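Asks: Since the structure of chain A is provided, determine the placement of chain B on it from the hints.
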Amino acid sequence: MEREADGGGVTNEGIIDGRGEQAALARLEPAGYAVRHDEHGRTLLVLTGHWTLRGIDGRAGALSSELRKYAQKGGEVVWDCREVQTLDNVGALVLWRLQGFAQRTGIEVRPEHAALCERWAQRQAPPNTPRAPRTGPIDTLMSLERGLRSHALDFTALVGQIVLDSGRLLRRPNRIPWKDVSATIYEAGVRALGITALVGALVGIVMSYLSALELQTFGAQSFIVNILGLSIMRELGPLLAAILVAGRSGSAMAAELGVMRLTEELDALSAMGISQTVRLILPKIVALAIALPLLVIWTDAIALLGGMVAAHIILGISIPSFIHAIPSAVPVVNFLLGIVKGVVFGIVVALIACHFGLRIQPNTLSLGVETTNAVVTAITAVIFVDAMFAIAFRGVGLP
Amino acid sequence: MTPETVIDMEHVSTRFGHHVVHEDINLRVVRGEILGLVGGSGSGKTTLVREMIGLDQPSAGHVSLFGERLDRIGPGALAMLRNRCGVLFQGGALFSALTVFENVAFPLQEYRAIEPTLIRDLVYMKLTQVGLGPEVAPRLPAELSGGMVKRVALARALALEPELLFLDEPTSGLDPVTAQAFVHHLQGLHRELGFTGVVITHDLDLMRDLCTALAILADHRIVARGTPAEVAESPHPFVATMFSGERGQRVFGTMAS
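Residue numbers (our numbering), protein chains in the order written: chain A, 33 to 431; chain B, 846 to 1102.
Hints listed in this document are in silico derivations from the structure and should not be mistaken for laboratory results.
The model shown is predicted, which means the values in this text are computed figures rather than measured ones.
We treat Cβ as the ideally placed atom computed from N, Cα and C, and that holds for glycine.
Beyond 10 Å from chain B on every Cβ pair, some chain A residues (computed):
hint	residue
1	Leu130
2	Tyr218
3	Glu219
4	Ser263
To be clear about the criterion: a stretch of chain B counts as covered by chain A if any three or more of its residues have a C-beta under 8 Å from a C-beta of chain A, and this derived list gives those stretches:
hint	stretch
5	938 to 945
6	961 to 969
7	981 to 995
Examples of chain B residues toward chain A, derived with CB under 10 Å:
hint	residue
8	Arg957
9	Gln974
10	Leu1003
11	Leu1038
Here chain A stands alone, though its shape is the one from the complex (with noise of 0.2 Å):
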């Protein structure tokens, strides 16, 4: 080869100084190419610069391009890559694309680049990645089913569990973990005692506003008392603390759960023979079945206020006469039945959040999706519960 003594400019100090060269400029010198004709009339293509993931910087399609009638003159041209200063995976595969590597004749290289030349010419072609089959309408449907039935198969196991685990509890009651009911009944009741507050008020307030315009059109200005006091004490009570509480909570639960699978705090606790279901569960359950009644009364309470002021400024019924009509327009019955709400509700909540907590996988995907799931799940199964109650209760409380 004739250009061999006019290697010229190019030292062969190897790819590390080589490289060290170039980085000191600010800018690198680019991929390009030369075409030149040697003594013989064959023609000579020079690779010239940095043949880099930088140094063709976005180019490789055009090189490419302007490359490949070359490439398909075989053996006529000769591929001089002596020039190219530093050659990495990038610009490997851009000439291991047009050239193929396969006939070292057509190509010179310098020595520092010959392995990485030769690794993608022994590359065997990767795998086809299969595609995914097309899902049909029966396809949707069966997943769906497999899914519903999967979600069913672990709520039972999970009830299941539950129970055993409750009843040997029983039998042990020194074994009952106290502090974590206490810790749940803290983080789950009191903590939440500022939004209940607010929401309660405010509905409270919205309901006496509604149904005062609606009164004073018919001068029954005093059922205020029996609108609000039922309203609120049997249905909007209830739900609206377990709603927040389920928001609250419900994520707090799944995400606890789903954190302690990826750090594997579940298996430790498994491994060191403890039950899950006692130590994490069963805690989250009784306390929610224990802190969401009381955040019922408490809504409740607020509420009636909300309303109670609303309708003294717009009807003038005085707080203390409103107070005293309460017992005599709501049965007593339907503030028990807002309570045992309260405990059927916190144990749904409880239940499905830590449901989907603990199907949570590894990952930090599934971590958003499960928790997601649990709160929407939860707030869809109180209103659920509530529409039962409704039904089961038609003849209880209402005058």
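Replies: Just chain B now, kept in the frame of chain A:
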């Protein structure tokens, strides 16, 4: 020709409140060398590396990467510099929601200067380079063994053809055979790609086989810096216990003599 300085730390001190981690550290890493950063637990090795990448700022002093002061360049330039670095985190730090293929392809896709058609070939080549077959590509990180996680993390760190590679305890948690194979792979890659490396490690075999230089971090300072043989001669008590112990003698004995 004097070799180019890739990392230059000058008078770097780090304090967390009253807790002093580093005091007046000066450290240069030149192109092509693999520096082993050695020190006891809690001596601030990882913090030092985080300062080199610009993830943490030192309380005093400054760090230069490729000749650029990290405290003086804008976020755009810093991002460009980071594109030239690869980091292998201790736990792998793979994106758990993405498959192996997507993990390795992620930096290539984000770089936006590579045609999508090339990415597939590049990803499979990276996997081959770290010794993994194409069959792991569709798996999720949770389905991989510890050694495989490290390999995939290395493939991801190498995705953008870094000139500078940071390795945080690359062999920790691997069995000796896997660790040896991993070091062997790193050696081969270093020969082939010619990167500069900073390796945090406790592994004496790795220091001997991979590192061309060692820096010992003890008493908040770099107490020894040089080739492994030079460092082994250091009189500092930490170095002495580390290299003159039975294991140290076995690994470095032949070298020092």
